Structure formats: structure tokens, C-alpha cells
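Protein chains: 2
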Amino acid sequence: MVKANDNYLKLPGSYLFSTIGKKVREYSAANPDAKIIRLGIGDVTQPLAPAIIDALHGAVDEMAARETFKGYAPDLGYEFLRNAIADNDYKARGCDITADEIFVSDGAKCDCSNIQEIFSLDNKIAVCDPVYPVYVDSNVMAGRTGTYDAKTETWSDVIYMPCTAENNFAPELPKETPDLIYLCFPNNPTGSTITKAQLQEWVDYANKVGAIILYDAAYEAYISEADVPHSIYECEGARTCAIELRSFSKNAGFTGVRLGFTVIPKELKAGDVNLHALWARRHGTKYNGAPYIIQKAGEAVYSEAGKAQLKQQVAYYMNNAKYIYDGLKSAGFTVSGGVNAPYIWLKAPNNMTSWEFFDYLLTNVNVVGTPGSGFGPSGEHYFRLTAFGTYENTVEAVDRIKKINL
Amino acid sequence: MVKANDNYLKLPGSYLFSTIGKKVREYSAANPDAKIIRLGIGDVTQPLAPAIIDALHGAVDEMAARETFKGYAPDLGYEFLRNAIADNDYKARGCDITADEIFVSDGAKCDCSNIQEIFSLDNKIAVCDPVYPVYVDSNVMAGRTGTYDAKTETWSDVIYMPCTAENNFAPELPKETPDLIYLCFPNNPTGSTITKAQLQEWVDYANKVGAIILYDAAYEAYISEADVPHSIYECEGARTCAIELRSFSKNAGFTGVRLGFTVIPKELKAGDVNLHALWARRHGTKYNGAPYIIQKAGEAVYSEAGKAQLKQQVAYYMNNAKYIYDGLKSAGFTVSGGVNAPYIWLKAPNNMTSWEFFDYLLTNVNVVGTPGSGFGPSGEHYFRLTAFGTYENTVEAVDRIKKINL
Numbered sequence: 113m114v115k116a117n118d119n120y121l122k123l124p125g126s127y128l129f130s131t132i133g134k135k136v137r138e139y140s141a142a143n144p145d146a147k148i149i150r151l152g153i154g155d156v157t158q159p160l161a162p163a164i165i166d167a168l169h170g171a172v173d174e175m176a177a178r179e180t181f182k183g184y185a186p187d188l189g190y191e192f193l194r195n196a197i198a199d200n201d202y203k204a205r206g207c208d209i210t211a212d213e214i215f216v217s218d219g220a221k222c223d224c225s226n227i228q229e230i231f232s233l234d235n236k237i238a239v240c241d242p243v244y245p246v247y248v249d250s251n252v253m254a255g256r257t258g259t260y261d262a263k264t265e266t267w268s269d270v271i272y273m274p275c276t277a278e279n280n281f282a283p284e285l286p287k288e289t290p291d292l293i294y295l296c297f298p299n300n301p302t303g304s305t306i307t308k309a310q311l312q313e314w315v316d317y318a319n320k321v322g323a324i325i326l327y328d329a330a331y332e333a334y335i336s337e338a339d340v341p342h343s344i345y346e347c348e349g350a351r352t353c354a355i356e357l358r359s360f361s362k363n364a365g366f367t368g369v370r371l372g373f374t375v376i377p378k379e380l381k382a383g384d385v386n387l388h389a390l391w392a393r394r395h396g397t398k399y400n401g402a403p404y405i406i407q408k409a410g411e412a413v414y415s416e417a418g419k420a421q422l423k424q425q426v427a428y429y430m431n432n433a434k435y436i437y438d439g440l441k442s443a444g445f446t447v448s449g450g451v452n453a454p455y456i457w458l459k460a461p462n463n464m465t466s467w468e469f470f471d472y473l474l475t476n477v478n479v480v481g482t483p484g485s486g487f488g489p490s491g492e493h494y495f496r497l498t499a500f501g502t503y504e505n506t507v508e509a510v511d512r513i514k515k516i517n518l
Numbered sequence: 113m114v115k116a117n118d119n120y121l122k123l124p125g126s127y128l129f130s131t132i133g134k135k136v137r138e139y140s141a142a143n144p145d146a147k148i149i150r151l152g153i154g155d156v157t158q159p160l161a162p163a164i165i166d167a168l169h170g171a172v173d174e175m176a177a178r179e180t181f182k183g184y185a186p187d188l189g190y191e192f193l194r195n196a197i198a199d200n201d202y203k204a205r206g207c208d209i210t211a212d213e214i215f216v217s218d219g220a221k222c223d224c225s226n227i228q229e230i231f232s233l234d235n236k237i238a239v240c241d242p243v244y245p246v247y248v249d250s251n252v253m254a255g256r257t258g259t260y261d262a263k264t265e266t267w268s269d270v271i272y273m274p275c276t277a278e279n280n281f282a283p284e285l286p287k288e289t290p291d292l293i294y295l296c297f298p299n300n301p302t303g304s305t306i307t308k309a310q311l312q313e314w315v316d317y318a319n320k321v322g323a324i325i326l327y328d329a330a331y332e333a334y335i336s337e338a339d340v341p342h343s344i345y346e347c348e349g350a351r352t353c354a355i356e357l358r359s360f361s362k363n364a365g366f367t368g369v370r371l372g373f374t375v376i377p378k379e380l381k382a383g384d385v386n387l388h389a390l391w392a393r394r395h396g397t398k399y400n401g402a403p404y405i406i407q408k409a410g411e412a413v414y415s416e417a418g419k420a421q422l423k424q425q426v427a428y429y430m431n432n433a434k435y436i437y438d439g440l441k442s443a444g445f446t447v448s449g450g451v452n453a454p455y456i457w458l459k460a461p462n463n464m465t466s467w468e469f470f471d472y473l474l475t476n477v478n479v480v481g482t483p484g485s486g487f488g489p490s491g492e493h494y495f496r497l498t499a500f501g502t503y504e505n506t507v508e509a510v511d512r513i514k515k516i517n518l
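These protein sequence lines are chains F and Y, in that order. All letters in the first sequence, in the order written, are residues 113 to 518 by this note's numbering. All letters in the second sequence, in the order written, are residues 113 to 518 by this note's numbering.
No false leads were mixed into what you were given.
Copies of the same chain look alike in the list, so a pair counts if it fits in one copy or across any two.
The list that follows gives simulated cross-link-like pairs (lysine to any residue, SDA-like), each with its CA atoms no further than 20 Å apart:
(1) K122 with E229
(2) K398 with P124
(3) K122 with K381
(4) K398 with A254
(5) K398 with T131
(6) K398 with S232
(7) K134 with D187
(8) K115 with G255
(9) K398 with L123
Note that these hints are calculated values from the structure, not bench results. Nothing here was measured: the structure is a model prediction, and the numbers come from that model.
Required output: the full structure, derived from the provided sequences and hints.
Structure, rendered in C-alpha cells:
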């Protein structure tokens, strides 16, 4: 008799963003005239840059002729894209990463939920708290997290690393030794960053205890300060302890285009086992490559025109971030993030819980954000706003929030 | 200390098509003048149909303007595509499947390797022998298949259902009761089919023993005979025992475009657990939707122009299939398949093994096919040729094979 995967049943409630979507739909239905501004989900709003549009049209034309038509892509990605990534994201920053260490995929969400699969179920994970829910949930589904305590909203076999105002939203080395360490900088949801010296401490620690760092650098394009690393491979020794996950969603507006990549250095091992070979095997067996058309769009991200256009696009969103940060700060809110990241991390006023503040903003000023508690217990009383809206909506949302009388 | 997933290490050798690729590359390097014809991997060669090209260009233009730009897609697929699938692939065939039972993905390979994840590791799988390697390998990686016997090339905890000339390459109901039954018709690799009455027996059996059928119908567009079912939901009772996996790769030439879907009826359960909800949760947590551009291309597959153009494209490949089938049969080979499927299943002459015949064809006539033994022990002494080449190459390959003196 067939049985379901019980681990799935352990997941509490529904995914954070589904709950937000449901609440917003219900409010909209009851208040059809409300002009709701969404600064919740980190979805981009600016159109694709002209260089990317040109590349897409060109690739579509190639698919229309027998001579240039492309069938199955190479398992790990087209050489042209892997070379562009290696040159621009790594060699140009002095990182020793080669094209054949880059695995092209349809996005960082898939990669960061699938990567746990090449590790033993006995391995213990450490995550920041608050944290992007996918890291934990994908491990719950695999059966790696023990039992859930609804009161503390934590899993028995997960090591939580609180990121709070006290530690400037940068985690401290955990007391209990983990096997897999999820780090994301610039951070989602807090918008915080760590310096290269701080990241070096993590690399040294991982090498010392034999752990692997899963480094999510999806937001690196938003870094504006010099001492913040864009890649973990800027740190010495990272090749023996780190996997890096990258996305085109936020630097190039690809949330609906779907492209990302994972870097696994060839010498990276778990015990005697080479992890590059394992991930290659997973790609070969369970994946069929990102579409040729989309990989050509990815290549255009690294063209001279593409780079210039995307620099402007990132600047557009960071201008929004500055408007949110400055506006709310001047109105007396406690805010952080927003300098090297498109996220602003806001303390809910008057000791409101995150969901109370969510409901308050939705119903009083029709602004949607993301409750910090949805990212973990240490996110309680916090709230995430994103800079990915249009400038006009961002200004209006901030002005509405500033007017509330708390 | 971090540990790897040991299940990965149990996988014998490398993936079938990687080995073929390596052999062909080595032969090419040593014989640069050889004009190699590839009828091995089931990759298409005809360009995308004009209706699809138009849809792609149109969607790219939408991504270029703020008003029509699309960010994250709905988790389970855009309504326009799910509706087109429900109407054309199901309602038009009298199958009771609704749009919200359809999960759009980036292809059937991902779906058929990921689907096992929503089931218990205690579940026992049954597969045809020979079989598409991904069904078994994805279960090996999950740890569901026991130990491997290199001598028999079988796993201790997998139920094999031999498909041989004696049973006309149609599996018989297994003696041991499985929990999950993988079926693929029209079949890859044998090109065989079963009638609706035969499939109804499987549905009745699954409902009786409480098993779930994972029905891979990736090749349904190639069905030419009236009594061969296009969907398992043509059978009565399939809604309580079957998940169907479908692809756009072979009916629309999307091998490099990447689009597929999975159907899970809402009442389908494993014990008390609703499987539709479980798969939805997996999509929401570990996937971010197929690209908008690609989903618009999928919609065009169902337009009047698209349907007419793709009917011609399928006819082109089936003309190849007929040429291969007739040509090799007239030359004295034992052949099957090719009537409702783009695959011809060929007995290697003179009791050669599959790989011996592979090497013989590669080195003597520079034709690449797929060794049947790569699909399982009952595939030994067989060989798969695909109809997805160009007509010119297909004719030349067959003519070369006919001339060999065995």
C-alpha cells in the first residue's frame, strides 16, 4: 500500500508568501477600491534591459531555423554562459573559479532547495534566525530537522544562529558544531551584510570543523560598500569549504525568466567524496538544463551594454531603498539594511507583533510588507520592506506609513 | 563533520547517455573525417514551428515594457496554459481533468525524477525492464532501491517487469505487489504501446492493491492507432490511482525550450494523505515556475496554427520512423516499435551484445544508436534508434546499416 512522505506532513502551516497572498486577496475582495501597494515579496517590477531583450529575440530567431536550432542543452550549462560567469563574477574579482566549476540552473530557489540532497541525512544544518524559509523547509522535507516545537517555532535538529539588533544582524559562530551552514549575504530578510574579515572567520571555522558553507549571494549586485565581499571565494580557503549559490533574479530582473547557478570547486569534499561529481550526477540525472534562449539572455547580462543598463536598474531600486530607509528613519522608526541590499528591516512600533503590524499596515494604509516572524522566531516584531517596487509606489507607500499615528 | 549522501555512491557507472557521448567524442577525435550520424539520444532536430516562434517574440516584447513585464510566475503555472492543457489534452479526449489539477514545470525529466520525493522511502517501486534510466536512478539517489547486484544489473528492492519479444514488449502484472508503478506508453525505449483495455487492467490492479501508477505519456503525440490511449485518464478509475507526466519536448520540439506538466487528480491519496496538496507544497517550496516566455510558447502549441504545424512536424519524424522500420525489416533485422512511437527497437544481429553492436555501428558505418542494455537487463541484445534525425540523415544511416554484411 502506497505511503506518503511523512516529512512533508511535519511542515507547519503554509509557505509564508502564500499566507500573505491569501490575506491580501481577501482584503482586496472586501475592499475593491483600496489601492494596495505591495512591498512584500521580493519581486522586481522594472522591465528587462534592452540588451537582454535583444539577446532573447536573437536566440528565438536561432530556434526558428534548422541550422541554428538547439535541442537539449549541455547538462551543466552552455560554455558561453559559464565562461561569461567565470570571467565577470569571479576572475574579475580575483576569485580562483573556473567555468567548469559553474553549474547553470533555472534559479537559486531550486538550487538552494536541491543542494541538501547530495548530503547525508545525518548532517546537521545551521541557519540564521531569521532566515529565508526555503533552506529549512527543504531540509524538513528531506527528514533532516527532527521534530517541530510549535511554541518556540524551532526544529529539534536545527542549529539556529540569532541575528538581532544586539549583534548587528550578523550571526555568531554556533556553540554546537554544524555540518552544513547556510549563510546569505547581503542578507534576506534583514538586508544586513558582513565584512570580508567577518566572512573569513566563517571560512576558517568551516575548514577547522569540517563543515560546508552554503553561501547564498543572490543579492551581491546591491553591495555598495568596499569591504563587503561579493563572493565567498574572495576569502582564503573557501575552495575547500564553500558552495556558492547565485541568481539572475535580482541583478537582472529574471524572477520570471529563471536563471541561476551554483559553484562547486573541484577539490571540495565531504569525507572522501567529491561534491562536484555528485552535483554533476544530480544535474545529469534529474535536470535537463536551462533553456537555450534563457542562457543567451544570461550571457547578455555580461555584455558591455547589459552591464551598463543593469547598473542603472540596480541604482533605480537602491534609490527606492534609500527613500524607504531615510523616510522611515526620519519618522522615528528603527530601521536597518537598505545600504548593500534591496531589503529594509523595520522594527514594528509599539511592541506590535510582526503579523499585527502586517494587518495594521494592510488595513490602515493599504501597504503590504512581509512579517519578520515568518522568517523565524528572532524575526518577531520585525518587518521587511523591499525596494523592488516602482519609484512612484515606493514614495507613496513610505509617505502613507509616515502619516500613521502610532 | 559533513558527510555525502551515500545513496549517490551506489549508482553504477555513469549515466547511459554520458557514456555514449564519451565514446562518440573519442571516436570522432581519432577519426576527424568520419561523418557520424546520431540516431541515439532522443533529441529533436526540426526548428520550432512558426506559431511558437511568434509567441516567443511576442512574450519577449511583453517583458520589455513595464506595463506588461512579468515577474515570478504563479507556482503551479499560468492559468492560460493550464486551461489550454485541460481543454486540449483532456476535455477534448473525454478525460475528467481540470486546469487546477495540472502542474506546469520545466520538463518531464525533472518531474519524473522529483515525483518520488512525495512518497515514503518504504515504498517499493516496479519498473519495466528495459526502462528509461531516470525512474530507477532517482529512486537510487533517494535510498529506496536496496543494494545493487552488478552481475544481474538489478536492485534488491526494485520489482522488474520484463518487456520482451515473448510478451510483445508489454509488461505483465507483477507477482510481488508494488507501491509505485512506473509505466511509459508509447514506450521509451522499445516504442511499444498497450491498448486501452490493457491499460484499464493496470488501473484496476492499482486500485485493487492500493498502488499508484506514475504514467509517463511523453510520446502520446506519436500515437497513430485508434485503440491506443493518449492519457491514462481515459481509463475508468484512474483518478484514484494515477499521476500522469507529460512533456512538450517531443510533440513540439521543446527539448531545448523546457516545458512539461504533471497531472494529479484532487482525490488521489496515499493512505489519508492528499497527494495534490503535497506536490503543490513541493512546487511552492522548491520550484519557482517555468519562465513566462516559455509558458506562452506552450500556449501556442494549442493554437490552431500551432496544432496544424506540429501535426506536420510529428508526421515528418514518423516518416523517418517508417523508413527505419521498413528498411531494416527488409534487410532482415528483427524490429518493433515505430508505429505509435518515434523509437525503433532492433535486435542486434548474430547474438551480439548491445554494446558490441553499438561499437560495430559506430566504427563500421559511423551510425550512433543507443544500446538496449543501457535500459536494463532485458534490453540486452537490443538497440534503440530514434526517428528524430533529419530525413536525409535517417535515410543515409539506414542505407549504411543495410549494406553491412553480417
